[in-house]
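Residue numbers (the numbering used here), protein chains in the order written: chain A, 55 to 664; chain B, 355 to 665.
In short, the hints are calculated from the structure, not lab data. Quick caveat: nothing in here was measured; it's all calculated off a predicted structure. We put the beta carbon where it would ideally sit given N, CA and C, even for glycine. Heads up, some of the hints might be wrong.
To be verified - Quick list of simulated restraints, FRET-style, between CB atoms:
1) A:D404 x B:S453: 50 to 56 Å
2) A:G238 x B:V662: 42 to 48 Å
3) B:I367 x A:K491: 46 to 52 Å
4) A:Q452 x B:S453: 22 to 28 Å
5) A:I236 x B:G664: 37 to 43 Å
What the hints assert, rightly or not - Only some residues are given here: those of chain B computed to face chain A with a beta carbon under 10 Å:
6) P361
7) K413
8) S424
9) I443
10) V460
11) G485
12) S490
13) E500
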Amino acid sequence: MNSLLWPIVVPAVAGFLCLLIPRRVRVVREVLALVATVWTFVVAIQIFRGGEYFLQQDWLQFGSFAVAFDLRAYQFSSFVLMFIGFFGLVVASYSAAYMAKSDVGKRYYTYLLWTVAAASGVVLSDNLMILLMFWEIATILFYLLVTLGGTKQSSAAARKSFTILGFSDCALLLGIVFLWAIGGSLSISHLSVKLGSGFAYITFILCAVGALAKAGAWPVHSWVPAAAEGAPTPVMAFLPASLDKLLGIYLLARLSLDLFIMDRAMGLVLMILGAITIIFAVMMALVQHDLKKLLSFHAVSQVGYMVLGIGTGVPIGIMGGLFHMVNNAIYKTCLFLSAGAVEKRAKTTDLVKLGGLASAMPVTFGVTVIASLSISGVPPFNGFFSKWLIYQSLVSIQQPIFLIAAMFGSALTLASFIKVLYSVFWGERPKKLHGIKEVGFLMAWPMVALALLCVLFGFAAQYPLQKFIGPVVGFNFEGVPEKVSMVNALWSPTLATALMIVGLMVGLIIYLLGRVGRRREARAFIGGEVLDTDQTRVAGTGFYDTIRNLSGFRGVYNDADKGVFDPYFLGGKLGAKLVRALQDLHDGVLSSYLSWSLIGLGILLFLMMM
Amino acid sequence: MERAFYPLVYFLIFPGFLFTSIIGLLASWVDRKVTARVQWRVGPPWYQPFVDILKLMGKETIVPAGHKASFFLLAPLLGLIGVTLVSTILWVLNLNPGSSFVGDLVVILYLFTLPSLAVIIGGAASKNPLGALGASREMKLVLGYELPFLIAIFTVVVKIGSILFQDILGFQQINGIMLRHPSGIIAFVVAIICTQAKLTMVPFDIPEAEQEILSGPFVEYSGAPLAVYKLTRAMMLFTLPVFLITVFWGGLQFSGWDLLWTVLKYVALLVIIILIKNTNPRLRIDQAMRFLWGPVTVLAILGMVLAVVGL
Chain A
55 MNSLLWPIVV PAVAGFLCLL IPRRVRVVRE VLALVATVWT FVVAIQIFRG
105 GEYFLQQDWL QFGSFAVAFD LRAYQFSSFV LMFIGFFGLV VASYSAAYMA
155 KSDVGKRYYT YLLWTVAAAS GVVLSDNLMI LLMFWEIATI LFYLLVTLGG
205 TKQSSAAARK SFTILGFSDC ALLLGIVFLW AIGGSLSISH LSVKLGSGFA
255 YITFILCAVG ALAKAGAWPV HSWVPAAAEG APTPVMAFLP ASLDKLLGIY
305 LLARLSLDLF IMDRAMGLVL MILGAITIIF AVMMALVQHD LKKLLSFHAV
355 SQVGYMVLGI GTGVPIGIMG GLFHMVNNAI YKTCLFLSAG AVEKRAKTTD
405 LVKLGGLASA MPVTFGVTVI ASLSISGVPP FNGFFSKWLI YQSLVSIQQP
455 IFLIAAMFGS ALTLASFIKV LYSVFWGERP KKLHGIKEVG FLMAWPMVAL
505 ALLCVLFGFA AQYPLQKFIG PVVGFNFEGV PEKVSMVNAL WSPTLATALM
555 IVGLMVGLII YLLGRVGRRR EARAFIGGEV LDTDQTRVAG TGFYDTIRNL
605 SGFRGVYNDA DKGVFDPYFL GGKLGAKLVR ALQDLHDGVL SSYLSWSLIG
655 LGILLFLMMM
Chain B
355 MERAFYPLVY FLIFPGFLFT SIIGLLASWV DRKVTARVQW RVGPPWYQPF
405 VDILKLMGKE TIVPAGHKAS FFLLAPLLGL IGVTLVSTIL WVLNLNPGSS
455 FVGDLVVILY LFTLPSLAVI IGGAASKNPL GALGASREMK LVLGYELPFL
505 IAIFTVVVKI GSILFQDILG FQQINGIMLR HPSGIIAFVV AIICTQAKLT
555 MVPFDIPEAE QEILSGPFVE YSGAPLAVYK LTRAMMLFTL PVFLITVFWG
605 GLQFSGWDLL WTVLKYVALL VIIILIKNTN PRLRIDQAMR FLWGPVTVLA
655 ILGMVLAVVG L
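Next up, chain B with everything else stripped away, as it sits in the complex (with noise of 0.2 Å):
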């Protein structure tokens, strides 16, 4: 029984669905707070997105007519079941670095791709022209990120030499972290970008576009579908950076001061990933792969060649 309780708890309560959601909103405020900022607006006040997903809550669903639309409304959950279960292994083993739960940095990476695969399917399933071609482009820009952050990721794992967290941690206690040493800060770097375009935040919105294609693969969701959604996003923004922070930065550390330093690596990553999103214009589709295929991947190799050779 004890043994089934305990990652039941995990997932669900904290550090998975309901700490993970919380958190994620809050940060999705901050996203769009900061924006109004830069923008010379107010901004919504801290619950607004608790508000904006109750309220989708309480929307009508309407799905695409002359289907079943099983698909259509199973795809949001294919990508919150991946962020909760990304977001609750990082957790557990960052609370716990000895302890091994689930899976490790590669299992990390495949859930990680839930999220955008339930975009694609949703927009793919959806019976719009327009979902199909934001469906089309979502998984391009996987594509695109993915050699480039992939490259990025393993560049760590060839410094330390395993692909398990509580190794990753643990190397990073003893020697330093990864951003002491120019190939990791390169890879760190890639991250980031790669990061934005896993948020698909602009300059790689290009999914949505909204002022092109009516924001894609979500043209046809309404009510809860589309509450989840909006509440995936929010995860993603918590998890992603928590993910950089346990690779490349040392990991989370909850004992006194070191909390305190955890939370502002955290939002020292947010802000620059928001600072990212509002400084810059959406790319098209060809420039956004032949940026993360060019000079992306090429500064990932250089990194990974440092890597190799030792710094």
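Pulled out of the complex, with its shape left as it was, chain A reads as follows (with noise of 0.2 Å):
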């Protein structure tokens, strides 16, 4: 067998084999999980060792309009690929411990070795047509992970992302078929269409709205929040945190590196686009008093920086979208394990009940701060690489609106995970926590696996950008790059790293000096009042509402409460007015229902006789 096909083929026959397992050998199910992730793994990784691959295969023959089983892995499939496998790896191991009591167990690894299967067939396709197919069994899988919740909220939540998802996904078949009418061909590695005409223009942008739904971006990002609220953890830290990300970035560069030839006025849309995306988001997410919600729109707020990056259309604003894709799937996944951590320990996601964990659950918290540093971007983690990447090129393309948005937003991050920091982490612990415990072992080593990823992507950002990211849009930096010095750039991750390191040593000597050792423990000072620790809690909640009561912003944040900017609510808003005029029309007289199809058959025989 053609060695494309076992990364769709093993985790496939591995679901099913999941099904058959009866319900008791929980361990079986387990190992057979992990061992088919592991395989995905280590065959995506020989995959991108080998270079390019092939795999040609006809299948349905309609004229031109040819579906071919093509699957190809080059450079930049087979990177995505290999990270595909690695979330695989990681989601799988850590649900063994997270969904250890679960009922759902059985269902759950099946749509989860399926759902590693369909992205690996969509990153590998080459044919427009198997790449819609395999991108829509991800979206039903996502469906399907989400109604596992077993709640109320689930179910709506899966309506509401199925909806959205596949009304984008329609939007993507009906820009394929546009595609294939232009190009005359479904091959991807074939096709190469000039921006210029309207009907150009109409395609890529339905292309790019299937794209940007799965990426989550705004305006179509309201069904990441949702699903938020009902699907289970690890699925949110598998699916709209990194797979969605992974596909829905990978199809956009695709579109706009090797299906169209873009042009500035497109790349200016999707930069737009993107800036909305960051600030909006973010400024949800500084409100939102739940976890899970919270960790959503800034799942939503960091597509804007890869749309950004991408929609610059220069080789370093492309690579910066990428490694972002990348960085934001790492720092993202470990944010929603060790979200489901805690909710695992603490039973809640509520910020309010949450509160001095850190002691506890050491391991969580530590892994929690690299994660939310990387994503506000704070040197020398890996998410301030990748944004300084997109920044330089913004620069470059001397867009400085969008630059300022991009760096705004990334101070709004940092100021929405000290909130999350000092709601779970710190403060005061609300005594109903009392005797909580870190997780074990299963759990925790995927949380730890990714920080270190975090870290080390940060200060030897080179390697992965050389050995990963450089060749798909053909960037080579020459030799091993100390510093990453471009025409107008300059950024030594290694050497700040190790400055910053030498920094804390001379803190760490004053504090020697300053005997720190030999502290000494007192209670915390409160105007010399002693009080009950639930009493002086502070919730971390409130720490932003001074923004939300600012005079402008007040009658915004009602709004988007009121769901003025979700597509969702709208569409059903303008549903409900459309049946409820068809429903005028069902007034239940006989004649009135004859007299239409009457009225219909005229209109047939009409159009016939044409």
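Both chains are sitting in their own frames, so use the hints and assemble them into the complex.
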């Protein structure tokens, strides 16, 4: 069998087997899932190292509408494939502990493995219809995974996600058909359409809607926060946080790199969408009270950077966008997994009810700090580097407005994560949460591995850039660079990190001289009062109420709470109006139905005569 | 060996940690002395800030009870690292304008947030409601000034078209300082207001507000960690004006009479900051945010528009 089929077939078959394994032998199922994902990951690494592979298999042919089962692995697709394998492995391991007590474990692993298979199919396929088929399977599996949450909210969330994703997938289908009409082929590696005519623009927009909805960009983002309300946390970590980003941005990058020859106008549209996504979603995240929902808004906000980077159309920007896609998948998955760990132990993700878990869950706390600093772009972590690349590209094309939006968005992100860290890990622990323990190894190692990657991809960012991302846009660094120096930009992550460590040592020497080691503990000083800790607890949820209450913002936030910026809500309203209009036509009188039928028959006959 | 040696010397001795902290502490003495004179007091002798730091180093360190206090103690160091690195980069590039060292303007802007972040983390990790309140105020203040500050700084970038310091300095050497342009002046004014907020000096000392929340994030700190905070703040008082001079005012020159001119530029900025501090009452956090996101941002945008049309 061609090695390109392995990453699709192995998880798919393993998924089937999971269905057959009886409910009681949970361990077998978990081991099977782990083995399948490890295998996928290893095969993906082999494919990546092997260079370019093809698999060509004719399938359906309707004239020039040839749906061939073509697969192609090259630099870009195989590096995305590798990360799909990696995230599959990480989430499968985590779920073994997280889903231990759940009675939906059987279906859960099946869907999880099938999702890995479908995602592998998307990135490997070289035919647009095949891509769409796998894409659609991934959408359906996401619907099924969200319903596994098992609550009333879960089914509502699943419905909402499926509606938005299904709608945008329709747009993608239409776009692909249009693309075939213009380019005369469905083969991705043969197509290269020049933007210019109105029809080509519409085609691009339709395809882009599909990609952007999957990635979760504004205005087709609202399924992400909705899903966060109902889906099990590992599902959020797996799909909206990592795989959907990889797939959506992968498609967007293919669209703008290969399928279309971009022009400035479309690039500008993408950049505007990106900037709005960053600011809008992060402003929403600032005022959330639920950990999972807050993280989901960040999952939206970060897409803005990727879209912005790709929209610039210059190699550095696209490189930054793609690197940010990888980095975001890493730290966002880490954040969702740690949220899941907190949820597992504290039984809630409500920020008001959490607090002071730092000493009880030190590992979870540590990884959350690292991931939070990464997502906020604090140097020298990985998020800083990819954002920095995007900023460089914005400087080079002279777009200060977008640059300011992006950098300010990153300050807002930091603010939002300060709130998370304070509300969950610092602050006073509510009495209800005393006696909480750290999660076990199976849940801990994925988080730690991801946090380590955040650090590694930060201070040694040259290597992933050189190995994975540079070649995609034909950007080659000379030798092994010790600093990334471009025509008009400079950042030496390794030197900076080294100096920061030296600075830390200076600080520690100061502490040594100040004999900090021999410290004394004392009660917190609150004006000399001795109060009950549950009374003096300040919940972090009120941190940014000032912003919410600023005159210009109050109305906007209230509108957002009502769903004014949510296409699902707006579409629902419109649909309800339409249905009501149609309802009015149903008056229950036989003669009016008959007359409608006659009119219809007349129109049909008329059309047939022509 | 040599490659690793020079950055280390830069970072630790000159122009990094040792140099910046000495000048910074002297600057904080100037602050205290001028403030005292404005208030008809005599003021401390020049070595007072040094003695203060020494004394704090000798004091006992007390941490809030009931947790490991790791982040409580690490937070002050984060700020120290940030400001030392910024100062090192700025001075190395000013001393040797052609060189490339560590990072560009974007890097500096990010590193400049580390001292504020340190205060926020310290306050949030201090297990004290007043600390948490102070931390949230500091964070909101950061959001408040960051927007106009970014616009002001990127006004210069629009003018120059590069974010490398060698280009910023080179451009100003050839075409004259940024303050010759109306857009540059507006951006400079905005940047000074934001500097005041970055230093959390009156009228923006809302996070500390001694009379109201007992100096907020610092309420639980004592001994060496408090000394590190004080030192960081003194170093910021030195580094931020140097940054403004580099970006708007032609940078630092060191040959002959230019050296005196450089010192005068810095002292002028310092005196402006101190005078603003001494002639204003403290704002509330919502007033500060409204001020920074309102008039100040509008002013900054005006400067940006002027820069885009070429003024």
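Here is how each hint holds up against the structure:
1. A:D404 x B:S453: 50 to 56 Å: This hint holds: roughly 52 Å between Cβ atoms.
2. A:G238 x B:V662: 42 to 48 Å: With Cβ atoms ~44 Å apart, the hint holds.
3. B:I367 x A:K491: 46 to 52 Å: 47 Å, holds
4. A:Q452 x B:S453: 22 to 28 Å: Holds, at about 26 Å.
5. A:I236 x B:G664: 37 to 43 Å: Holds, since A:I236 and B:G664 (Cβ atoms, about 42 Å apart) stay within the stated range.
6. P361: 6 Å, holds
7. K413: 8 Å, holds
8. S424: 8 Å, holds
9. I443: Check passed: Cβ of B:I443 comes within 9 Å of chain A, closer than 10 Å.
10. V460: 5 Å, holds
11. G485: 8 Å, holds
12. S490: 4 Å, holds
13. E500: At 5 Å from the nearest chain A Cβ, B:E500 passes the 10 Å test, so the hint holds.
When the structure is compared with the earlier hints, no violation turns up for any of them.
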